[in-house]
Amino acid sequence: MAQDREHGLEQAMGRMLQIGVTVAALVVLAGGILYLLQSGGSKPDYGHFVSASPAVTTVSGIVSGAMHMDARGVIGFGILLLIATPICRVIFGVVGFAMLRDRLYTAVSAAVLIILLYSFVARR
Amino acid sequence: MNVLDFSLALFVTSLLAGFLGAMTGLGGGVVIVPALCLLFKVDLHYALGASLVSVIATSSGAAAAYVREGFSNIRIGMFLEVATTLGALLGAYLTAKVSGNWIGVIFGLVLLYSAWMSVHKLDDQPRSSKADALALRLNLRGSYPVNGGREEYVAEHVPAAFGIMFGAGTLSGLLGIGSGAVKVLAMDSAMKLPFKVSTTTSNFMIGVTAAASAGIYLSRGYILPSLSMPVMLGVLVGSLVGARVLAHTQVKTIRVAFVVVIVALGVEMIYNGITGRL
Chain E
15 MAQDREHGLE QAMGRMLQIG VTVAALVVLA GGILYLLQSG GSKPDYGHFV
65 SASPAVTTVS GIVSGAMHMD ARGVIGFGIL LLIATPICRV IFGVVGFAML
115 RDRLYTAVSA AVLIILLYSF VARR
Chain A
48 MNVLDFSLAL FVTSLLAGFL GAMTGLGGGV VIVPALCLLF KVDLHYALGA
98 SLVSVIATSS GAAAAYVREG FSNIRIGMFL EVATTLGALL GAYLTAKVSG
148 NWIGVIFGLV LLYSAWMSVH KLDDQPRSSK ADALALRLNL RGSYPVNGGR
198 EEYVAEHVPA AFGIMFGAGT LSGLLGIGSG AVKVLAMDSA MKLPFKVSTT
248 TSNFMIGVTA AASAGIYLSR GYILPSLSMP VMLGVLVGSL VGARVLAHTQ
298 VKTIRVAFVV VIVALGVEMI YNGITGRL
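Protein chains in written order, with the working numbering: chain E, 15 to 138; chain A, 48 to 325.
Just to be clear, a hint being listed does not mean it is correct.
Calculated from the model, a selection of chain E residues having no Cβ within reach of chain A, i.e. all distances over 10 Å [to be verified]:
1. ASP18
2. ARG19
3. LEU31
4. VAL77
Simulated DEER-style distance windows between Cβ atoms [said to hold, decoys possible]:
5. A:VAL166 - E:PHE63: 34 to 40 Å
6. E:ALA136 - A:ASN194: 47 to 53 Å
7. E:ARG29 - A:LEU137: 50 to 56 Å
8. A:PHE242 - E:MET113: 28 to 34 Å
9. A:ALA180 - E:TYR132: 30 to 36 Å
10. A:TRP149 - E:GLY22: 36 to 42 Å
Stretch by stretch, here's where chain E covers chain A in the computed footprint (C-beta under 8 Å, at least three residues) [what the hints assert, rightly or not]:
11. 201-211
12. 241-250
13. 272-284
Keep in mind the hints are simulated off the structure, nothing from the lab.
Just so it is clear, the structure is predicted and the values come from calculations on it, not from any experiment.
Cβ coordinates follow ideal geometry from the N, Cα and C atoms, glycine included.
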């Protein structure tokens, strides 16, 4: 029985990853088409690093750009969905191991989740 | 070059990288950074950002299939992710402290190591007969499908594997790659897991490891949407096609060709780093 439920957790994780990547890729593609339509002319200079605006470096900036159908905002939103996919997988782990009454691995998954969330809170 | 041509050129290059990466099991990410820096003259930090995004996409896409087939061990993966994510935080932090030239040299060495690893194919290691007490306490065990049945295994040398994984995470955060070759080393050579379990569990972990550096990369402005878009889509499509083709082709010649490319890029990254051009 325990093996069946563990198999269920694996299936759920697999499906979640698949859906997450597909949706993220479609959003990036939509933003990409928008970007190619909106921006004509010569390519931006990528040869030198310049500090970017909050519109592409913060979650709120990206989301508000996407709401205004700004191409970079839409692509950025797709990338955020992509980054969220493995994070969701870890959340599945916390919940799934808790349901399997595996305290050790609920704690291990929670530790990974805390490290991931910390990386978004700790700027730089 | 106008925006459309540039994006198309990036897409095709990434498609090829993803395709070859999947066919050879080396992953496309490992050639994206040198290709962007050396061929497209993109700043190293933007290249790291675009590569990291493509790494998350391909590993999550492939992991979806492996997890459902029952090869990946999610407990071992989750346990070792504690080490890789901590390492990734350190690595991503270091990208702002270490000079681009040093990153180039380290990158070149990792490329050469990956090439060596792929030629010097790892095989299932002989396992010791005594069960590892720590591994049993942490439940680092499992079974995997072999010829219709399932074979049991227990991990060994847990602290060593944990340490190597921290290093793999650091390289992932510093270089914007999945560092699958180092992860496989920890699970195959240290933990003595079956080869198929090592490679698929490594793949399973890559997305989470990369996600830990992604937050830091994003806030520093390394992830440019317009540059990441063609790279991510190209690598993703290329790797999906590569995985399909892999099922029914002999890959010896392709593998050799790709290894030659990797060695050439590795040498050039080291040369550019030493001469201070990155």
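Outcome of the hint check:
Listed as outside the interface, ASP18 (chain E) is consistent with that label: its C-beta sits roughly 12 Å from the nearest C-beta of chain A, beyond the 10 Å cut-off. The beta carbon of ARG19 (chain E) sits about 13 Å from the closest Cβ of chain A, which is more than 10 Å, so the claim that it is off the interface holds. Distance check for LEU31 (chain E) against chain A: the nearest CB is about 4 Å away, which does not clear 10 Å, and the non-interface claim fails. Chain A leaves VAL77 (chain E) outside its interface by the beta-carbon criterion, the shortest separation being 13 Å against a cut-off of 10 Å.
At roughly 35 Å, the beta-carbon separation of VAL166 (chain A) and PHE63 (chain E) lies within the given 34 to 40 Å, and the hint holds. Here the CB-CB span from ALA136 (chain E) to ASN194 (chain A) is close to 48 Å, well matched to the stated 47 to 53 Å. Checked against the hint of 50 to 56 Å, the pair ARG29 (chain E) and LEU137 (chain A) fails, with Cβ atoms roughly 33 Å apart. Checking the proposed 28 to 34 Å range against PHE242 (chain A) and MET113 (chain E) shows it holds: the Cβ atoms sit about 31 Å from each other.
Here the CB-CB span from ALA180 (chain A) to TYR132 (chain E) is close to 32 Å, well matched to the stated 30 to 36 Å. For the pair TRP149 (chain A) and GLY22 (chain E), the supplied restraint of 36 to 42 Å is violated, since their beta-carbon distance comes to about 47 Å. Coverage of a stretch by a chain is defined here by at least three residues with a beta carbon nearer than 8 Å to that chain's beta carbons; for the stretch 201-211 of chain A and chain E the count is 0, and the condition is violated. Taking a C-beta to C-beta cut-off of 8 Å, the stretch 241-250 of chain A contributes 0 residues in contact with chain E, too few for the three needed, and the coverage statement is violated.
Counting residues of the stretch 272-284 of chain A whose C-beta lies closer than 8 Å to any C-beta of chain E gives 9; at least three are required, and the coverage claim holds.
Against the hints set out earlier in the document, violations occur for numbers 3, 7, 10, 11, 12.
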